[in-house]
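Undergrad: Listed below, chain by chain, are the residues.
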Amino acid sequence: MEALFALLVGALFTVSIYLFLSKHIIRILMGAAILGNAVNLLIFTAGRVTREVPPIIPPEFDVPQSVVANPLPQALILTAIVISFSFFAFLLVLGYRAYQDLETDDSDEMRVAEPVDDVPPPLGY
Amino acid sequence: MSAAAPSLTFLALCLPFLAALVAPALTRRMGHNAVWILALAPALAFIHFLGFLPAVADGGAITGGYAWVPSFRVSFSWLIDGLSLTFALLITGIGTLIVLYSGGYLKDDAHLGRFLSFMFMFMGAMLGLVVSDGFLMLFVFWELTSITSFLLIGFDHTREASRRAAIQALVVTGTGGLALLAGLIVIWNITGVTQLSELIGLGDVLRESPFYLMALVLVLGGAFTKSAQFPFHFWLPNAMEAPTPVSAYLHSATMVKAGIYLLMRLNPVLGDTAAWTTILPVFGGVTLLVGTFLAIRQTDLKQMLAYTTVSSLGLLVMLTGFGSDHAIAAAVLYLVAHSMFKGCLFMVAGLIDHGTGSRDITRLGGLRAAMPITFAAAMAAAFSMGGLPPFFGFLGKEEIYEALWHADTWSLAFVAVAVIGNGLMFVIGFAVAIKPFFGPVRETPLHAHEGPALMWIGPAVLALGGLVAALVSPVTHRFVSSPMASAVHGAPELVTISLIPHIGAPLLLSLITIVFAVAVYLGLDRARRFADRSLRAIGWGPDRGFDQFMSGLVRGSRRITGVMQPGRLDIYMGVTFVFIALALLVPMAVYDEWPARPVWPEDAAFHELTIMAIAFIGLLAVIYARDRLTAIVSLGIQGFAVALIFMLFGAPDLSFTQFMVETLSVVILALVMTRLRLTAADHRPTGQKLIDFSIALACGTGFMLYLLAVTQQPFRPYLSEFFEAYSKVIAHGGNIVNVIIVDFRGTDTLGEIAVVMITGLAILSLIRVRASRPDQPIVDNDPDSEPTPTGAWRKGRKLGEGA
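Protein chains in written order, with UniProt numbering: chain G, 1 to 125; chain C, 1 to 803.
Everything labelled a hint here was simulated from the structure, so no lab data went into it. Note that CB positions come from ideal geometry on N, CA and C, so glycine has one too. Hints are not guaranteed to be accurate.
Each pair of labels, with its calculated beta carbon distance range [what the hints assert, rightly or not]:
1. C/P542 with G/D108: 44 to 50 Å
2. C/I691 with G/L94: 35 to 41 Å
3. G/G124 with C/R533: 43 to 49 Å
4. G/G124 with C/S7: 45 to 51 Å
5. C/V590 with G/P115: 39 to 45 Å
Covered stretches of chain C (chain G as the covering partner; in silico rule of three or more C-beta atoms under 8 Å from a C-beta of chain G) [unchecked claim]:
6. 37–45
7. 103–116
8. 375–382
9. 688–701
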């Protein structure tokens, strides 16, 4: 089963990076959203996949009574989902505000920090 | 030695730094008279070091110190033998006189306190340098002298020439300092010792090491830059931009001799090899000739003296390189003599400048009557510089000829170099001492007058010192010359030369020198024109080379920055992902760690395959979507597919969270994006799309192979088993994932909450804060302009708007 997961993870990464390489902020944002899924699924698969048995201990026992899914990657991913969502929201608002001020979503035209006609540094002492 | 001696020596080393600390406050309260009190600091240190004379004269060395970083055997420790002691006495003795002189010279300067503070910092650094035993301590003080020299040269920082000279000195000597550090580390690695005192016995180990030449070249890099050897000599004349006390103290008497000190200190361990006895005399000899030739050209008193300092340093390097008994004795005598007469002559130049307002030798004359004390000091120093009896310089010069006079071509060549160099220095010395004082009285910017006592004490004492040291030469030799020569030689050595001339080659060479010098002196104007013409014909010099180097550095950096940071996000991203792909794929290829060919999972159920297929379709739809809304919806499809996968494979918590997050993302994205007027499709040309897709595919394949390789390794469930076993028992929770998050790794979750909160605040501020119109361009702070009074900027802006 892991081979299939690996294939899906590879596809998620490919699409996400392809979107990242675009010049348009909106596509980069979608790439960021997919990248989160790609990484989460990577962690999930690295912890091995088990079908349909959530890591929950029945109330009357002290330890799980059968083989359960690996809880550790799940805990990591749960944290990761929340953080990647908050960053996604931040990037979205940042892109939106940049568009409002600069009137473009083309990253090539966003040259406030590194202008094309930057003045050369002074040569004197 | 009493028990209190180590701490007293430590105090003597700290005294200049303490004086640096109190100098500004004291000067603010007492004006320039504060120097009378401040001069006590170096004077007390001088007296303390005088107390070591008898012990050192008997061949002893005073050591002491404290552990600094014991695990690396780095210590703050001092070694005071004949060499260190002579230097320490010169630094503190001349330092005392210079402090007094500064009080007179910068009497009305508003920044006298700052100046004295820098001066004392330098004094402390230089003193620390010459008594250092540990390598690291030596290096730290070495660089500290470079930095304080930078501060002093750039003291008048409103002038561009000062700033340039300061930067130049710092770049040249600082770079040399780094070479020295590397050299010391190489020596440390060869011998395994970190103390100069332990190194002295290990000369043979060092000389036989294959890394000897590397260590030598690196150490010479430090010494030659500091002591202004050709072709690094150019910074020293430029350093004359500093106030005259600095020129007299740092750039003739002490700091520039740090390189000579280092060579003398290391002579017993690095010296006496073919490389040492070739490189040093050749560089020294060339420096001697170049320095005197350039000096002849100058008409500014300080510039003339600066170039002869370059040549004197060349002479010292040359003598140290020969390394014979007489050569070392000559170097020692000449070094002491030079510190006194050159320091004196610089102070004379300052006095003339102070008294008349001019330093141009062609515009001065007849000052003898107006400035009698200055005249007397100048004449005495010139006698010493010219090597005439009964002054100390005479002993130095006789010993030089004694050392060089051998009947082979190599020696004779250097005899010729020494005769020409000495002769031209004789010319410059007397030009400085005679031209301004004799002849008809010339009009000068100021009415010529003698300087205040503060200013003539220094030159007078140094001039007298040059006389007395020679008259009582047996005493001088016993307490100064012989111990120092022994330390340089690494074996006991006795200096015996006296004022009574003995008939022989040295005396003959002296006479030749004097005849040559008098001939040049009489035709000085013609010699100057000749030097000027030939230098103009050459046109290029290391000084201009430095400017070219610096502007090349700035231009080159700009070009590299332009390539590395073109300011285009797609290029940054492209480069980043190419490197990620390489990092993933190259190690697998190089170490042949490809994962085994995966087998088709027989147990894959139909509904599982369907959901995976939906995820793939969602991904494709994101790329191929014709408009934004479709793309956003497709994004939601792959997100929900992933959520379903979590659900099917035993992670309901993840699944619920993913559903919520994915829904929110899609809704927000759709809300925001429909507000923007954006063109729909991907605008990249096909070629670019192909390149981008290849990069993406390489990365994706890399991650896939990596994940396959990981999952084909045996699984180690230690951590998971721990959480399963103790979740209920210790943390009393049935849902293991939740227990990990809120209990076992509760602090991590706190961090996560903090991240969410901070991004929330950032989003809020992004929405709330509206950008104002583009601001006024920032005007660079121009150091040459008058400081703007508060509020003037606003007024100017209003005026500008009104007009």
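Undergrad: For every hint, state whether the structure bears it out.
TA: Now for the hints, and whether the structure bears them out:
1. C/P542 with G/D108: 44 to 50 Å: Between C/P542 and G/D108, where Cβ atoms are some 45 Å apart, the hint holds.
2. C/I691 with G/L94: 35 to 41 Å: violated (27 Å)
3. G/G124 with C/R533: 43 to 49 Å: For C/R533 against G/G124, whose Cβ atoms are near 30 Å apart, the range 43 to 49 Å is violated.
4. G/G124 with C/S7: 45 to 51 Å: Holds, at about 49 Å.
5. C/V590 with G/P115: 39 to 45 Å: Once the Cβ atoms are compared, 42 Å apart, the range 39 to 45 Å for G/P115 and C/V590 holds.
6. 37–45: Coverage by chain G is violated for the stretch 37–45 of chain C (0 residues, Cβ < 8 Å).
7. 103–116: violated (count 0)
8. 375–382: n = 0 at 8 Å, threshold three: violated.
9. 688–701: holds (count 8)
Consistency note: the structure conflicts with the earlier hints numbered 2, 3, 6, 7 and 8.
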